[in-house]
Amino acid sequence: MRNFKLSVDRCTIHDSLIVIRFKGSLDADRVASINEVVNGVIASGDFFVIAEMSDVSFISSPAFGELMGCKKRLVEKGGNLYLVGLDTENRAKLRLLGAEKIFEFLPTVSAAVRRYHWDNEDTGDTFRILLPTILSYIPEIRSFFSSIVRQKGYSKRDAFRIEAIIDELGNNAIEHGDPGVTEPVEIIGKVYRYKIELSVANRNSGVSQANESVREINNRLKGDTSFNLNEKRGRGVELVKMLCDEISAAAEDDKTVIRIIKKKEV
Amino acid sequence: MENSSVPQSVTIDFPGDLEYIPDVRRLLSNLISIKGFSRRFTFRMEIIIDELCSNAVKFGRLKVGEFVTVKANVKNEDVTLHVSHPGVDSESVAKLNNAISDVVTEDIGNRSIMSDGRGIQIVKILCDKLVVDTSQGTTVVAYKRWTPNDEL
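So the protein lines, in turn, are chains F and U. Going by the numbering used here, the first sequence opens with residue 1, and the numbers climb by one from there. Going by the numbering used here, the second sequence opens with residue 1, and the numbers climb by one from there.
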């Protein structure tokens, strides 16, 4: 009989998950052991399980079938089973069995915990970029965020709108920021399952200038400043207002911060 | 190449997930390219970024809410890259240091190979200086200077 071991531990990164570490060869005669261990986890009231398989040399069809059954039982209880750390050979074999339709192959335990968060707690994924006042950087930044939101399941239209918003706010931040400071522009994007929060901040040469900028932006947002198509400036904020669901401006010390929320199109 | 003796740094914080690394490396290499570096130089930087970020995600064991931070200081003829994560795992830091100082860690069969750290070896070949700093989290600093060999 080929070498086989398994151990069950609570996940050290997030205690809502259980990690079952498989080691060796998952031959057909291991089905009962897999079944027993997962049933034990379910009986103890834990329904989110990570199957850590980086030390697995072989997965037989019956063992894989058992893993599918375990996933089904966990999903019925509101949980899930995440397959983690499979090597290239095992991944390729499982793909031939159509496993991709049932399991997502995740590289690490951390990735499984992050997937659990994304699916169940919706804490959002945050990206923060600090950049100098170089206008030619903005197209790259907007493409970056666009690619990220597409990856997270947003539509092409949402991604395009986010690009337009970042382009406008980023260019404004650079044009009106103080080029004398290092990393004067800060863009933070927080991507949730159904909305994106974005903040774009620049640093002014003083607190009073930041307050003045915010006053001007707020006047435009409230419509106190009449919007004139012949004006060379100021159309960008109007455009952003149309493309997002919420927008606000605030002065924070010497920073001017614009925050927007864009909900996912359904 | 753009004439700027003042370092122009770009910092990116991203969640510890491998799926984000292609976007991060593409963004940074494009930003480096904008500063006038050749395709070969930026391609090499892209490999360095990819490898160091992958290591930070794989060995950083980041919790939700923690980030990998990449800071690129771009000067006239060189780029310094700082890739950090909050934790310090002494085992992986030791492996990293061994890989940097050319210590072969494992023999398999009759082949003498590095059990880990092949990626770091590539990074070492591609850059001019590679240092690990654990004074605040784990930071790997890679310095690459432009040479005529990087021109394409």
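Hints in this document: simulated from the structure, not taken from any laboratory. Be careful, since some hints might not be right.
Unchecked claim - Straight-line C-alpha distance at most 27 Å; calculated DSSO-like pairs for lysine-lysine:
(1) U:Lys63 x F:Lys195
(2) F:Lys241 x F:Lys156
(3) U:Lys75 x U:Lys124
(4) U:Lys75 x U:Lys129
(5) F:Lys152 x F:Lys195
(6) F:Lys222 x F:Lys195
(7) U:Lys63 x F:Lys190
(8) U:Lys58 x F:Lys101
(9) F:Lys77 x F:Lys152
(10) F:Lys222 x F:Lys241
(11) F:Lys222 x F:Lys190
(12) U:Lys95 x U:Lys35
(13) F:Lys152 x U:Lys124
(14) F:Lys156 x F:Lys72
(15) F:Lys101 x F:Lys71
(16) F:Lys23 x U:Lys129
(17) F:Lys101 x F:Lys264
(18) F:Lys190 x U:Lys58
(19) U:Lys95 x F:Lys77
(20) U:Lys35 x F:Lys152
(21) F:Lys263 x F:Lys190
(22) U:Lys129 x F:Lys5
(23) F:Lys264 x F:Lys241
(24) F:Lys93 x U:Lys35
(25) U:Lys75 x F:Lys71
(26) F:Lys93 x F:Lys156
(27) F:Lys23 x U:Lys124
(28) U:Lys129 x U:Lys95
(29) F:Lys71 x U:Lys71
(30) U:Lys129 x F:Lys255
(31) U:Lys129 x F:Lys190
(32) F:Lys72 x F:Lys93
(33) F:Lys77 x F:Lys156
(34) U:Lys71 x U:Lys35
(35) U:Lys75 x F:Lys23
(36) U:Lys75 x F:Lys152
**Given hint lysine 124 (chain U) paired with lysine 23 (chain F) - CA-CA distance at most 27 Å** = violated, 33 Å
**Prompt:** Has the given pair, lysine 95 (chain U) with lysine 35 (chain U), been kept, meaning a C-alpha gap of at most 27 Å?
**Reply:** violated, 34 Å
**Message:** For a C-alpha distance cap of 27 Å, please report whether lysine 93 (chain F) and lysine 156 (chain F) respect it.
**Reply:** violated, 33 Å
**Prompt:** lysine 129 (chain U) and lysine 190 (chain F): Cα distance at most 27 Å?
**Reply:** violated, 34 Å
**Prompt:** CA of lysine 95 (chain U) to CA of lysine 77 (chain F), is that 27 Å or under?
**Reply:** Judged against 27 Å, a Cα distance of about 42 Å means the pair is violated.
**Request:** Mind checking the alpha carbons of lysine 264 (chain F) and lysine 241 (chain F) for me, to see if they're no more than 27 Å apart?
**Result:** The given pair, whose Cα atoms are some 16 Å apart, holds under the 27 Å limit.
**Prompt:** Going straight from one Cα to the other, do lysine 58 (chain U) and lysine 101 (chain F) come out at no more than 27 Å?
**Reply:** This hinted pair holds, its Cα atoms lying about 25 Å apart.
**Request:** Quickly compare the C-alpha distance for lysine 77 (chain F) and lysine 152 (chain F) to 27 Å and report which way the hint goes.
**Result:** holds, 26 Å
**Item:** Restraint check for lysine 152 (chain F) with lysine 195 (chain F), where alpha carbons must lie at most 27 Å apart
**Value:** Within the cut-off at roughly 11 Å; holds.
**Distance restraint between lysine 35 (chain U) and lysine 152 (chain F), which requires alpha-carbon spacing of 27 Å or less** = violated, 30 Å
**Item:** Agreement of lysine 93 (chain F) and lysine 35 (chain U) with the hint, judged by alpha carbon distance not exceeding 27 Å
**Value:** violated, 45 Å
**Request:** Below or equal to 27 Å on CA atoms is what counts here, so check lysine 77 (chain F) against lysine 156 (chain F).
**Result:** violated, 34 Å
Hints 12, 13, 14, 16, 19, 20, 22, 24, 25, 26, 27, 29, 30, 31, 33, 35 and 36 from the list above are not met by this structure, while the remaining hints are.
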